[in-house]
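> As a plain string of letters, each chain reads:
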Amino acid sequence: MKTVLIVDDEPPIRRLLRLTLEPQGYQVFEAETGQLGLQEVAVRRPDVIILDLGLPDMDGQTVLKRLREWNQTPVLVLSVREGEADKVAALDNGADDYLTKPFSTAELLARLRAIQRRAPETNEEPVVVVGDLTVDLAARVVTVKGQDVHLTATEYALLRELVRHAGKVVTHKHLLRVVWGPHAEEQSQYLRVYVTHLRQKLEPGAGRKLIRTEPGIGYRFCAAD
Amino acid sequence: MDVSLAKQILRHCGWGVLAVAAVTGLALMLRTVTGYWAISLVYLLTVVFLALKLNRWAVLLAAALSAVLWDFLFIPPQFTFHIEATEDVMMFSMYFVVALVMGHMTNQLRRREESERRREQRTAALNRLLQGLAVSDSLADGLARAVEEVNALFQVQTRILLEETAPATSLCLPLRTTNGRVGWMGVELKGNRVLAPSECELLETFASQIAAFVERQQLLAVARQTQLAQESERLHRTLLDSVSHELKTPLAVIRTATDGLATQLADGAPPLAGTFLNEITAANRRLERIVSNLLDMTRIESGQLPFRPEWCDVRDLLESAVEQLQNEISPERVNITVAEGLPLVQLDFGLMEQALCNLLLNAAQHSPARSLIRLSAEIREGQLVLRVTDAGTGLTPGEETKVFDKFYRGKGARSGGVGLGLSIVKGFVNAHRGVVSATNNPGEGVTFTISIPLAHENRADC
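Order-wise, the sequence lines are chains Y and R.
Just so we're on the same page, this note's numbering is the position in the first sequence counted from 1, plus 89.
Just so we're on the same page, this note's numbering is the position in the second sequence counted from 1, plus 355.
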């Protein structure tokens, strides 16, 4: 049975998350402060953590930083819509994804599933299939509806990075660093141009179902659930 | 040499002559008792006393006059300038020299003492000024003290102006600091008085001290203001954040609860349960929208709008907005046209997406169900132009600008909405230094146009 730790100071949110997650086969633990949350992680060793950024005793970001000093459990951050900067900071501090309040249950479950999936290395799970799209990470071949799609080296590197984190948000900074190198972290216009090209090549016509824009934060490759 | 000095010399000379005459009268009476040699000592004493009070010229005059009188009236043969005895000649010449030297030296001593006293006075005045400025708790207070001090010390009328233009006074000293001039000190001298070089120097020292004080006070004021602004901004943000949190948490709870209920209801539920649930869900969505509109409006009004421009693909922006609303407006109703070769544009993606969503919702609300809504983007004259066109009834004339007012609701508006959507659009577009306008179409419906200037650096090389 999977275990999840909910760190949130609002009892109704904790109660409802418990009601939502238990039928999905999760064993739920709760903590109402950051301090208790960190203790619970040490004691319960949960498989995944849901962390609210607004905690009474300490900032959610601090909780994340302290946690990441010794523990790599996937963390899903809960935040409000206006907190783009907070979300980016949380992702930089080691959160795996975020969810904006108010959120739907389906979204929550999808995010939890995605962050528990480890990023596949090229040798394991080498072929990713989403709808009409097939990405063979080992052979570096991309096909749409069985047709080969020609991608430039940069486009392929970008797609590979998104696919490796399928379902999870990937920040602009991360993509720029991995694909273009550390000096390019601020050059977000590269990213826009190549994402546009990729979308045109992968989903000609209507396309932005596969690569979704997360405003102010990054992109998310949508694996079929 | 000016007139007052000449007058003073004449007056002193007069006093000198008078004193010598008086002593001569006394000496004439004493002569028979003391003999004529002792008289020279009486004269010498007189000259020394005069040197303590009178100026150099008067002392010189008194020394010469007393020598002549002594010779004429006392040295035998009397009442002639002729001197017979050799020792009398020696006595006379020595008297003359000693009187001159004594007179001069005494005078010198007195002047030195005077200048010492003046210097001390100035140092004390400067100290008083510095102390006064140090304990002043406001700019006005300090300047008043400084003016008082300068007026008392120099016997002048002083004004201090913290302005660019110099005052029209007989003497004007700039108040200079390392960062440039902070103002002027205007000094009005009485009559045609001229300040001595040492006084000018002191006045300049005063001016530089006053300038330093003004600068310090101004920096302090700026620091205080900044602190105050930061404080109020922090308070505002904290308040907004906590209100936002308080309002959104229950909404999130309702959303999660209805979602959970929906999955539970799937099999074999009472017939009306699903309908009621849908009502709750719809009402909750509406409430979420109103709360977020109110919070957005508050942020715009209080200047707390987080504006973070980034390079955006405009097509992505339009499609993203349409997708956001897929529950409210079926995506097939929206026709997106993006001009060929549109460059990347620097926008706050989140804010613009929200602005477009509000325009689309407005269009959907004011046009027949399933009618087409057109959404287009192009670059025209250095501006990114976004248009939302509906097929509704259009605006009544005169409503074109009013629709963007807060809480304004169109005449033909259906129920629902508090009239914030379009004013939020305006606020978000203004944050991009852009404008939004509404015009009736020739045929039917309204076109809302957002124009955002592309700054020079807003063009990406692709």
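Please note that the accuracy of each hint is not assured.
In silico DMTMM-like links for lysine to aspartate or glutamate, alpha-carbon gap of 20 Å or less [said to hold, decoys possible]:
no.: 1; chain 1: Y; residue 1: LYS262; chain 2: Y; residue 2: ASP181
no.: 2; chain 1: R; residue 1: LYS603; chain 2: Y; residue 2: ASP181
no.: 3; chain 1: Y; residue 1: LYS262; chain 2: R; residue 2: GLU656
no.: 4; chain 1: R; residue 1: LYS603; chain 2: Y; residue 2: GLU129
no.: 5; chain 1: Y; residue 1: LYS234; chain 2: Y; residue 2: ASP148
no.: 6; chain 1: R; residue 1: LYS603; chain 2: Y; residue 2: GLU111
no.: 7; chain 1: Y; residue 1: LYS262; chain 2: Y; residue 2: ASP136
no.: 8; chain 1: Y; residue 1: LYS290; chain 2: Y; residue 2: GLU274
no.: 9; chain 1: Y; residue 1: LYS290; chain 2: R; residue 2: GLU683
no.: 10; chain 1: Y; residue 1: LYS262; chain 2: Y; residue 2: GLU244
no.: 11; chain 1: Y; residue 1: LYS234; chain 2: Y; residue 2: GLU196
no.: 12; chain 1: Y; residue 1: LYS154; chain 2: Y; residue 2: GLU121
no.: 13; chain 1: Y; residue 1: LYS154; chain 2: Y; residue 2: GLU111
no.: 14; chain 1: Y; residue 1: LYS298; chain 2: R; residue 2: GLU656
no.: 15; chain 1: R; residue 1: LYS603; chain 2: Y; residue 2: GLU244
no.: 16; chain 1: R; residue 1: LYS757; chain 2: R; residue 2: GLU656
no.: 17; chain 1: Y; residue 1: LYS262; chain 2: Y; residue 2: ASP225
no.: 18; chain 1: R; residue 1: LYS545; chain 2: R; residue 2: GLU503
no.: 19; chain 1: Y; residue 1: LYS290; chain 2: Y; residue 2: GLU196
no.: 20; chain 1: R; residue 1: LYS603; chain 2: Y; residue 2: ASP175
no.: 21; chain 1: R; residue 1: LYS603; chain 2: Y; residue 2: ASP136
no.: 22; chain 1: Y; residue 1: LYS154; chain 2: Y; residue 2: GLU196
no.: 23; chain 1: Y; residue 1: LYS298; chain 2: R; residue 2: GLU678
no.: 24; chain 1: R; residue 1: LYS603; chain 2: Y; residue 2: ASP225
no.: 25; chain 1: Y; residue 1: LYS298; chain 2: R; residue 2: GLU503
no.: 26; chain 1: Y; residue 1: LYS91; chain 2: Y; residue 2: GLU111
These are computed hints drawn from the structure, not numbers from a lab.
Since this is a predicted model, take the numbers as computed values, not measurements.
> State for each hint whether it applies.
Comparing the hints with the structure gives:
1. LYS262(Y) / ASP181(Y): holds, 9 Å
2. LYS603(R) / ASP181(Y): violated, 25 Å
3. LYS262(Y) / GLU656(R): Between LYS262(Y) and GLU656(R) the Cα gap is close to 32 Å, so the pair fails against 20 Å, i.e. violated.
4. LYS603(R) / GLU129(Y): violated, 27 Å
5. LYS234(Y) / ASP148(Y): violated, 47 Å
6. LYS603(R) / GLU111(Y): Violated - the C-alpha atoms of GLU111(Y) and LYS603(R) are around 24 Å apart, more than 20 Å.
7. LYS262(Y) / ASP136(Y): violated, 27 Å
8. LYS290(Y) / GLU274(Y): The hint is violated at about 25 Å.
9. LYS290(Y) / GLU683(R): violated, 30 Å
10. LYS262(Y) / GLU244(Y): With Cα atoms ~16 Å apart, LYS262(Y) and GLU244(Y) stay inside 20 Å; holds.
11. LYS234(Y) / GLU196(Y): With Cα atoms ~28 Å apart, LYS234(Y) and GLU196(Y) exceed 20 Å; violated.
12. LYS154(Y) / GLU121(Y): holds, 18 Å
13. LYS154(Y) / GLU111(Y): violated, 28 Å
14. LYS298(Y) / GLU656(R): Distance ~36 Å between LYS298(Y) and GLU656(R) Cα, so the pair is violated.
15. LYS603(R) / GLU244(Y): Answer violated: LYS603(R) to GLU244(Y) is near 39 Å, above 20 Å.
16. LYS757(R) / GLU656(R): Holds, at roughly 18 Å.
17. LYS262(Y) / ASP225(Y): violated, 25 Å
18. LYS545(R) / GLU503(R): holds, 16 Å
19. LYS290(Y) / GLU196(Y): Not OK: LYS290(Y) and GLU196(Y) at ~27 Å, beyond 20 Å, violated.
20. LYS603(R) / ASP175(Y): With a Cα-Cα distance of about 17 Å, the restraint between LYS603(R) and ASP175(Y) holds, given a limit of 20 Å.
21. LYS603(R) / ASP136(Y): This hinted pair is violated, its Cα atoms lying about 28 Å apart.
22. LYS154(Y) / GLU196(Y): Status violated; Cα separation ~25 Å.
23. LYS298(Y) / GLU678(R): holds, 10 Å
24. LYS603(R) / ASP225(Y): violated, 43 Å
25. LYS298(Y) / GLU503(R): Judged against 20 Å, a Cα distance of about 79 Å means the pair is violated.
26. LYS91(Y) / GLU111(Y): Satisfied, since the Cα-Cα distance of roughly 10 Å is no more than 20 Å.
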